[in-house]
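Participant: Chains as they are written, first to last, in the numbering used here: chain A, 1 to 334; chain B, 1001 to 1388.
Treat the hints with care, since some could be wrong.
Claimed, not checked - Examples of chain A residues lying across from chain B (beta carbon under 10 Å, computed):
| id | residue |
| --- | --- |
| 1 | Val175 |
| 2 | Thr176 |
| 3 | Asp180 |
| 4 | Arg232 |
| 5 | Thr246 |
| 6 | Ala247 |
| 7 | Pro254 |
Because the hints were derived from the structure by calculation, they are not lab data. The structure presented is a predicted model; accordingly, all values stated were derived computationally and were not measured. Glycine is no exception: its CB is placed at the ideal position from the N, C-alpha and C atoms.
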Amino acid sequence: MSAAPAPGAAGKAPADDTARPVGKSSWTPYALLTPGMLWLGVFFVVPTIMLIRMSLSSGTAFSGDGSFTFAFVDLQWSNYGDAWNQYVIDTPIFQKSLIYALIATVLTLVIAYPLAYTIAFKAGRWRNFLLVLVIAPFFTSFLLRTNAWQTILVDSGPVVTFMNDIGLLNFLHTVTNTPDSWPSWAQIFPDGITAEDRVLATPLAVIIGLAYNFLPFMTLPLYASLERIDVRLIEAATDLYSSAWTAFRKVTFPLSLPGVVAGTLLTFIPAAGDPVNAALLGSASDALMGNAIDAQFKATGNYPLAAALSALLMFVIVAMVAVYVRRAGTEELV
Amino acid sequence: MSEQTPSIAADSTSTGGGADLHIVDVTKRFASFKAVDDLTLTIPAGSFFALLGPSGCGKTTTLRMVAGLEEPSEGRIVIGSEDVTHRKPYQRPVNTVFQSYALFPHLDIFENVAFGLRRSKKKDVRNEVEAMLELVELSTYARRKPTQLSGGQQQRVAVARALINKPEVLLLDEPLGALDLKLRRQMQIELKRIQTDVGITFVHVTHDQEEAMTMADTIAVMNAGRIEQMGAPMELYENPVTTFVANFLGQSNLIKGQITGKSGGDALLEVQGQRMAMPTARVHSERDEVWVGVRPEKMQISRTGTPTDGENAVTGVVTDASYIGVSTQYLVDLPWGQEVGVFSQNLSTEGPLSAGDQVVLHWNPAHTFALDAAQDADAGSEKIEGDA
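When you get a sec, could you build the whole thing from the sequences and use the hints?
Facilitator: Listed below in structure tokens is the structure:
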């Protein structure tokens, strides 16, 4: 019975019926890729090459004839040396950027995970409404929202008053202000993570701003991976002698790891280079890499050094991400 | 709906493992919907028990209440002599083989099977898991991930993962639903073998009557949250007590008739003007208005001529004949306009009858059953459209 249609189909194989889909499928993927590839080529690959070219050039914008010289025989590797000396050795701005971003990422994860978990498993018919709330901040400009935190964290405002009243600020200040016992920490946070009685213009304000601004980038990937988990797997775990907590540790959390990796990357990478939160919420000593690059570019006009700083930051982040993704064991994700 | 026998005669000599499972007056409501309606059931230790019914009949809810994944609105669940009604799933001596298996995709086969042992802090996990993988013939797949296994292999992992914990009762929720027909047959025999080997009480939920009949030694047919009938597969098939069971398990021809009297062990019937007889023990109706039921394969079909003495008989005209090899399936129009099905073995050398032939249908009175005519003659037959 099943053999019946075979001979006819085989005999007509090269006929018009089959030829068209095959021919179509051979170029369709390329056609679909073209716009994205063009965009990436023009706005990512070319600028990256220009950035690296600039980082190996000499000259400044505001002195001499204002032009830059690039020569293969005379690559200005000293720009990278200067960047390293000034921003890693002399002032630990580079390390500071990574540490601020790291703390903000951990804070974001701690806030976003329960939020995403609740939306995915417990929200019922409120699910879509809560998801809209998560992305609602995008309706207002990033700058405005960051500016608003100046008001929220104002010295005599209710938030800071409350944090003072429960002794949180004093506690955080005392615990993190350790100039002698841990010198490398003291280099990054010379006066502790926050002041004794205020938040604005301290590292804490910058970290809060970063955590706030990148919260949706953490929440949405976490939600996406949690929502995909088959509840029967959790039931199976409890059927196999797991308490609710063990089932979470052994089943739910491991299965949400792709979301954790995606969310932390989407938070950490932009946070490490962000100049806005440090500029608006921090003090002068909270300047991060984003601010340093900004200053070299706009104030000093040292384009090659600014380019070298940018490239350095990019290389380090790419290397860190590569190690992180491998360690997290979620190669199938990235 | 009638004759709910609350317990089965404990004819299965307990083979050691497992414990009796008692479901006592259990009701489960979801908002205003009663999924399970005052269910009482005793499943003896060591038996292979099937809960059979169409989707939405409450069989899966019953299973989930035994597993602890749902809490009964009323009633008690007792395993052995322990009341487990309000225990958490992980505090019950019960394990489940989930529908579509629910294997942990991030763990390999070995760790999937070891999961329960590790949680209950058992020693000697390695040897136990290896022995269990041996039993289900998957030793060489220990380090594969579930997605790298075929459906049948995943099914065996799911069974191994539950069985290794030596539960008192093993629950199976449509365990073969995702497999193709051939594999399903194979796994039916396999599961039966495993059950005989380990001697644990198996409670098996399915909508597939053939699967239930192949594996289980006792079947409870469920409909609308209640048990319609419970018994050995043969008893259910040969002597159904409701129209639902008559239609859900196989097919039945139900003809309107009336009980006119009783003599000795026999009941006398009048069916559309014809006199018939049947054993009184097979009458399952309080009233005289009945559905007279006969299975299609119990009817013999012949080209006129007189049937053997003492047989029930009706005349009719063949409207359709489907030759399917082992048998021919006929549709026969009876004089009062009803169509009945007849399965006839191809014993004749003359070839099958064809449409338009005048025939006599006759059958042994002992194959007749009578059901309350107040019941819907089509109850339980809608599964033909529903299930593939």
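Participant: Take the hints in turn and mark each one as holding or not.
Facilitator: Now the hints, each set against the structure:
Nearest Cβ of chain B to the Cβ of A:Val175: about 37 Å, over the 10 Å cut. The hint is violated. This hint is violated: A:Thr176 has a C-beta 37 Å from the nearest C-beta of chain B, more than the 10 Å allowed. Taking 10 Å as the C-beta cut-off, the interface hint given for A:Asp180 is violated, the closest approach to chain B being about 45 Å. The criterion of a C-beta within 10 Å of any C-beta in chain B is met by A:Arg232, whose closest approach is roughly 4 Å, and the hint holds.
Given the 10 Å rule on beta carbons, the hint for A:Thr246 holds: about 6 Å separates it from the nearest Cβ of chain B. Look at A:Ala247: its Cβ gets to within about 9 Å of chain B, closer than 10 Å, so that hint holds up. With a least beta-carbon distance of about 5 Å to chain B, the hint placing A:Pro254 at the interface is held under the 10 Å criterion.
Comparing the model with each numbered hint stated earlier shows that hints 1, 2 and 3 do not hold.
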